[in-house]
Amino acid sequence: MNQDKIDRRKAILGLGLTGMGMAFGELLRVSLNESDKWTKYPSSKKQQYAMLINLDLCIGCNSCTIACKQENHTPPGVQYNIVLKKREGTYPQCKERYLPRPCMHCEKPPCVKVCPVGATKKRKDGIVDIDYNKCIGCRYCLTACPYGARAYDFGENYYTPPNSFEKARSYEYGNEWVREKGKSPINNVRKCHFCLHRIKKGLEPACVQSCMAQARTFADINQVGNAITTNIANENFWRLKDELGTFPSVLYVGKF
Amino acid sequence: MTNRPVYYLWSFLLILFTVIGFLILYFRTTQGLIITNLNNIIGWGLWVSFYIFFIGLSMGCYLIFSLGYVLDFKKFKSLGPLALYSALICLITGFLFILIDIGHMGRFWTVFINRNTTSILSWELHLYVVYLLIIIIQLWFLLRKDILNHLYKSRKESFFTKILLQNRELSSFNWERDSTIIKNIGYIGIPLAIAVHGGTGAIFAVIKARSFWNTGLFPIVFLVSASVSGVALQIFLLTLFKRGKKNLIKSLYNVLLILILFDLVLFLSQFIVGIYSDLPGQTSILQILTTGSFSKLFWLGQIGVGIFIPLLIFFLDFNKYTLAYMVGALSSLIGVFVTRMNLVIPQLTIPVLNGLVEAYESARVTNVYIPSTIEWIFSFGILLFSTLIFLYGLYLLPIFSDAS
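Sequence lines, in order, name chains A and B. Numbering-wise (my numbering), the first sequence opens with residue 1 and increments by one. Numbering-wise (my numbering), the second sequence opens with residue 1 and increments by one.
Watch out, some of these pointers could steer you wrong.
Restraint ranges, calculated between C-beta atoms of paired labels, are given here [said to hold, decoys possible]: (1) B:L9 <-> A:D7: 49 to 59 Å; (2) A:E166 <-> B:F112: 30 to 40 Å; (3) B:E361 <-> A:T229: 32 to 42 Å; (4) A:G25 <-> B:I272: 49 to 59 Å; (5) A:P162 <-> B:I374: 49 to 59 Å; (6) B:L279 <-> A:D7: 28 to 38 Å; (7) A:F24 <-> B:G304: 27 to 37 Å; (8) A:R87 <-> B:L279: 18 to 28 Å; (9) B:G281 <-> A:K183: 50 to 60 Å.
Quick caveat, the hints were computed from the structure, so don't treat them as lab data. Glycine residues also receive a C-beta, built at the ideal position from the N, C-alpha and C atoms.
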């Protein structure tokens with residue numbers, strides 16, 4: 001025992017190595033944690049919200065974009081839902097195809113991983129959540145999102161001074177928010193939250209309800225007999241940028 | 001430290017600029033990032049480029065300090081105090097740039113409460129603090145003898161004198177131990193400095209959505225070009241203040257040249273692999289750099305000023321003129337900064353999905369970014385402020401006492 005005394009250098013080295021080992025272990029644990037969740041259905045979670053968008057039904061009217069704007073009172077430049085367009089061919093043999101893009105609510109979200117303050121988190125029901133009061137506005141998540149689903153609130157308004165609609169409170173992530181200078185959600189990164197406040201009341205997200213072609217279906221896929229069950233069972237869907245391994249909760253049917 | 005009027009002038013200037021700076025900072029806090037030309041496609045711009053430039057500069061300077069004091073290269077020992085001191089100021093400058101870049105400036109301290117183990121940035125910010133402390137401790141032990149000697153000689157009963165001397169005689173201090181302490185701390189400091197700046201590169205490299213960044217080479221590119229800038233800054237400062245012998249500057253310039261060439265090799269490696277693989281994510285960015293909207297910055301800034309001029313000065317062999325070395329070092333410094341901009345901004349101008357920019361009409365949804373005038377004013381304000389602090393400290397602290 002007495003022969004191998006621990007001197008200062010050994011102690012520091014040991015502590016350093018232990019710390020590095022713990023850090024490495026933590027990283028390994030987090031990155032391996034249930035990585036193949038989406039390959040098995042139903043998953044072990046109680047709830048898993050998902051959205052199915054049928055591109056063959058979508059007519060590109062952007063009513064989902066407008067409905068989202070109205071529901072969440074988003075300022076100029078901040079858009080939770082957009083509709084991407086793709087044109088093929090030349091007149092008269094031409095086609096236009098549409099791809100509505102909300103937040104994908106990935107099973108392994110790259111944005112959650114990078115947030116330095118842990119302000120954005122994956123909820124147990126599958127929704128990727130932002131804590132506006134924690135967010136410092138560093139825009140790392142905005143850069144890291146492979147779908148461009150995040151937007152920074154620069155504090156701009158459509159009207160100066162803002163009209164009653166812009167000043168009205170919104171209910172993102174189940175809380176009440178009024179856009180006032182210097183206070184959240186201004187100077188935060190914002191994104192689609194599957195209209196969490198509406199889900200809590202038993203309603204569908206605004207974009208789903210407003211879609212006149214009924215191209216969107218929203219469901220808790222862990223409930224028996226939900227609207228997406230057959231698509232999932234038959235593997236009749238595709239996901240955007242699936243090769244990145246983010247496992248989005250937004251599923252597409254049809255061609256883009 | 002005898003020239004009183006100059007001292008008062010510096011103090012006055014420093015306080016004046018600090019007050020003006022804080023007034024402008026107030027403007028920034030009330031207005032938010034609305035004053036910048038950043039948008040929702042290009043979320044990081046000029047300030048982030050400056051931030052990574054200065055963190056890299058700090059690491060480069062720290063490594064030069066370590067050459068002499070930790071790795072025992074006798075030749076570079078005289079550079080130690082200046083290199084360590086400039087590492088400190090560069091680090092603080094980097095902090096200032098990242099501070100004004102975040103949306104809620106008042107919440108910056110929460111990064112030390114709300115940790116996220118999977119976030120590189122979270123780890124980085126903690127490492128910065130440790131790195132800062134290590135630099136300060138080493139600087140203290142490096143300059144302790146001169147500072148205490150001076151305080152003892154002036155024999156003024158002030159608060160600082162009491163704290164630092166602790167009523168002890170100068171002979172009771174063990175000066176011989178200082179260099180051992182500096183060396184032992186340096187064993188942690190060197191890997192830490194590399195982790196600090198390699199980590200800054202990793203902030204970008206871990207983003208899988210951006211294929212130009214998402215390579216294992218990216219953090220290494222950061223480290224090498226940071227070393228280039230560190231050596232260049234030391235040559236620039238030594239020639240500017242007319243310190244350091246000519247052969248020392250000459251050998252530093254040789255080191256600079258080797259590092260520039262190594263940096264070029266790494267860059268070419270990334271470039272060629274990108275072209276060869278023919279993936280749209282890779283080729284589009286190389287096209288933007290070589291012939292697109294960033295071609296002027298690339299050919300004139302990165303290649304011309306950053307590589308060609310320093311090489312030219314080396315091969316034309318201006319042995320007699322230290323001014324030539326100064327020009328070469330300065331041009332290499334500017335080149336590294338342009339490289340930083342070229343690493344950050346062009347990648348962001350490519351939207352992650354086709355048609356992302358066209359899908360929504362807004363001034364904040366565009367893939368064009370030109371820094372606004374206010375962004376430049378802020379940047380120059382911070383640069384001026386850091387220069388003033390640097391000169392102020394150079395005046396007060398015995399940095400040059402044994403360098404010449």
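Evaluation of the provided hints:
1. B:L9 <-> A:D7: 49 to 59 Å: The hint (49 to 59 Å, Cβ to Cβ) holds, given that B:L9 and A:D7 are roughly 51 Å apart.
2. A:E166 <-> B:F112: 30 to 40 Å: holds, 35 Å
3. B:E361 <-> A:T229: 32 to 42 Å: holds, 38 Å
4. A:G25 <-> B:I272: 49 to 59 Å: Violated, since A:G25 and B:I272 (Cβ atoms, about 37 Å apart) do not stay within the stated range.
5. A:P162 <-> B:I374: 49 to 59 Å: Given range 49 to 59 Å: violated, Cβ gap about 23 Å.
6. B:L279 <-> A:D7: 28 to 38 Å: Given a distance of about 53 Å, which is not inside 28 to 38 Å, the answer is violated.
7. A:F24 <-> B:G304: 27 to 37 Å: Since A:F24 and B:G304 have Cβ atoms about 43 Å apart, the given range 27 to 37 Å is violated.
8. A:R87 <-> B:L279: 18 to 28 Å: About 24 Å separates the Cβ atoms of A:R87 and B:L279, which means 18 to 28 Å holds.
9. B:G281 <-> A:K183: 50 to 60 Å: violated, 38 Å
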